[in-house]
Amino acid sequence: MSRLAVRKTYKLYIGGAFPRSESGRSYAVTSPKGDFLANASRASRKDVRDAVVAARKAFPGWSGATAYNRGQILYRIAEMLEGRRAQFAEELGGGKKAALEAVDATVDRLVWYAGWSDKIASVHGTANPVAGPYFNLSSPEPTGVVGVVAPEDPLVGLISVIAPAIVTGNTCVVIASERTPLPSITLAEVLATSDLPGGVVNVLTGHQQELAPWLAAHMDVNGLDLTGVSDADLALTCEQAAAENLKRVLRPSPDEDWRAAPALTRMTRFLETKTVWHPMGV
Amino acid sequence: MASFAYAPAPESRDIVDLKPSYGLFINGEFADGSGSPFKTINPATEEKLAEVATASADDVDRAVQAARKAFGVWSAMPGAERAKYLFRIARIIQERARELAVLESLDNGKPIRESRDVDLPLVAAHFFYYAGWADKLEYAGFGADPRPLGVAGQVIPWNFPLLMLAWKIAPALACGNTVVLKPAETTPLTALLFAEICQQADLPPGVVNIVTGAGETGAAVVAHPDVNKVAFTGSTEVGRIIARTVAGTGKKLTLELGGKAANIVFDDAALDQAVEGVVNGIFFNQGHVCCAGSRLLVQESIQDELLTGLKRRLGTLRLGDPLDKNTDIGAINSAEQLAKIRSLSDLGEQEGAERWSPACDLPDKGFWFPPTVFTGVAQSHRIAREEVFGPVLSVLTFRTPAEAVEKANNTPYGLSAGIWTEKGSRILWMADKLRAGVVWANTFNRFDPAAPFGGYKESGYGREGGLLGLEAYLDV
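As they're listed, the protein sequences go chains S and U. If you count the first sequence from 1, you need to add 11 to reach the working numbering. If you count the second sequence from 1, you need to add 1232 to reach the working numbering.
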C-alpha cells in the first residue's frame, strides 16, 4: 500500500509569516477538470489592512537598501525558484513540458528584473542642464506601498507584476489569482527563504471582487496595479476609489502576453522623480 | 532702522491694448461663446479689464473636434517642422514679453518685477526647450518611434497663468498632440493673447484651442469622450474629482496639485541667505505657489535669531501697485482667495498660534493681505496642514535632523522641500529622506524647463519639464 501524503496547508503570507485568514474562511481550489486540489485561505478586508501595515513597515528598510542589495535578493529569489522547478511545474499542472517552460520563463523574468535594480536610475534619471549656476539632478525613487491585483497566469504573470514593483524599492500587497492561487503561496515560501525582508511582498488569496476595492481605497497605499482585473465594473470602482488619495494606477490588462519582453512601464509607473537643486559657488 | 522712501516707479500699461471683450479661440479663429460672458478684473483695483466669453459644453465639443481634425496634420508633420513652429512661438513671446508681462500683472495682481523677470523668461525658455525635443523624441528613451496621444485637454490655474500654459502646451505640441486648454476664470487674458501669438506664428488651425470659462467649462474639457489626455494643475480637491472622472476611460492623466512644503533651516546655515530663501519661499507671488515653503522648520537653537532676521526683512518688503517696479508683494488674485486666506489665518489664531505681520498699509481698493508669520504652530494646526495659498508662514521647530525629516514628511502632500545647511553630507542625507518631488538645498523656488517638476503623494503625479516631461504626452 502506498504511503499517505502529507498535504500542505495553504495560508496567507503577511509580514514574512504565514497566518491563516483572520476571518477563518477558506475556499476550495480545483483543477481545470474540477478535481479538488486544496483549500486556500479566503482573506478578508482585515487581512488586507494587516498586509498594508506590514508593507508600510517594510518600506523604509527595503527602499533604503542599496540597489545592488535589492538586485542580489531578486537574483536569489530566481535561484530558489530554480531549485524548486519540479515542484512548481507539478503545481501548475497541465502538460509537463509547458509547465516547466512556464517555470523557466518565471526564473528568467526574475533575473531580468534583478538586473534593473542598479540601472533604472541611469536610464530613468536625468542630469538637468539648467540655465543658472546650479547642480541639478533628477532621480527615480519608489512610490511606496503598491497594491497589486495579480493576473490569471499563476506564475509568469504573477512574478511579472511583483518583480517590477519591488525591484525599485516599493513594497507590495498582492491579491493572487482567484482561480489558481496555489503557486502564489508556494512562491511566498520561496520569497521567505530568499533574504527578502518580511513585508516587502505580502500575498493574499481569496475573492478579487471582495478584496480589491479595499486595497484600492486604502489611504496608506500609494500605487495600484489593476493588471488582473477583468471585470470592467470592478476596475472602474477600484480606479475611482484610488482617486481619493491620488494613487498611481496601472490599468487592467488581463490579456497581456506574459511571454513577451516587458517594457519599463511596470517599473516606471511606480516610481517618483525627485529633482534636487543646489547652487554652485565658492 | 533706516527706512528708504521710494518714489513711484510704475510700468506703463499703455503697451497693453485691452479689448472690451474677448472670445474663444477655436480652429485658429476667435469665436463667440454660447455661455453668458464673465468679467475679468484687476485684483489690485477691482476695475473691470474685459468681458470674456464662456464656453459651453457645445463650444468645448467644437474645440475638441477642431483639435481632432488638426491632430492628423500635426502628428504627421516631421518633428523638425513642428520644432520650427515652437521656436517661432518662443521668439514671438520674447518679442512681446513686455506686453505679456504687463497684461499678466494686470490680470493676476503679481508684481511686474516677477512677471517680467520670472514668468516671461521661463515661458519663452519652456517653448524653446521643448521645441528642440520635437525632432529628437526617438532619443528620449521611450522607444524608437514614440507616438503622441491625440487631443490633450488641459486645465490650468491662476497663479502663473502664462507659465502654466507654457508648461502644458509646449511639451504637448512637441510630441505631436493638439490641445484644448482652459485658463483659469480669473486670469484668462494672457492665454487669449497667446492665441493671437499662435495666429502670428501661422500655427495650423486647431492645433491650439483656448476655451474660457469657470469650473463647468473645465469639467466639460476633462469629461469630453474624444480627449485622449488630461493634464491639470490646481488644487488637490479638484484633482481628486478629475481622477475620478477620468477613471475607466483610458485617458492618460497627469496632475500637479497642492503642497505644504517644509523649508528646513539648520543651526549651521548661512542665516542671511536662509532668511532671503524663506522670504522668497513663501512671499514670492503672494504665496500663490503650490510649491511654496509654507512651513518653516527651524532648528530650536537658532529660532530667535532667525525670526528676528526674518521679521526685520519682512519689514522692508513693499506691498502695493503690482505695476510698480519696486513692489515686492502684489495683490491677492481674487476676493474668494482672500476670504480663504483670511479664514485660515483667523483659524490659526483661534487654534493658539501667535500671529505677526509687519506694519504695512494696505490699499483701499483691491484684494490685499499683509505678509503674515505664525509662531508657536503645532503640527496638528490647520495652518500647518492645509494649503493656505497665500502669504502666510507657519513656524515650527525641531532639534535633530531625524525630527526635521519626520515633521517635513508629516503631510499628505509631497511637492517640494527646502534645506538650509552648510554641511554637504547632511544636505544629501536630508534630500534622500524627504518625500517630495523637488528639493531645493540652499535655494528655493527655482524653476527651469530642463528640470522636472511635480509631486509625490497627494501633490499629484507626472512630471513637467525636462526629458521626463515628455512622458506625459507620449503613448508610453
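Just to be clear, a hint being listed does not mean it is correct.
[To be verified] No farther apart than 35 angstroms at their CA atoms in a straight line, the calculated lysine-lysine pairs in the DSBU-like style are these:
#1 Lys68(S) <-> Lys1665(U)
#2 Lys1251(U) <-> Lys1557(U)
#3 Lys1655(U) <-> Lys57(S)
#4 Lys68(S) <-> Lys1557(U)
Source of the hints: derived by calculation from the structure; they are not laboratory data. All values derive from a computational prediction rather than experimental measurement.
Assess, step by step, whether the Cα of lysine 1251(U) is no farther than 35 angstroms from the Cα of lysine 1557(U), and give holds or violated.
Distance of about 25 angstroms is within 35 angstroms: holds.
Does lysine 57(S) sit within 35 angstroms of lysine 1655(U), going by the straight-line distance between their CA atoms?
Since the Cα atoms of lysine 1655(U) and lysine 57(S) sit roughly 45 angstroms apart, the hinted pair is violated (cutoff 35 angstroms).
Take a quick look at whether lysine 68(S) and lysine 1665(U) sit within 35 angstroms of each other, Cα to Cα.
Roughly 16 angstroms separates the two Cα atoms, so the pair holds.
Hinted pair, alpha-carbon criterion (35 angstroms max): lysine 68(S), lysine 1557(U). Please report holds or violated.
violated (53 angstroms)
Figure legend: structure checked against the earlier numbered hints; hints not met, in rising order: 3 and 4.
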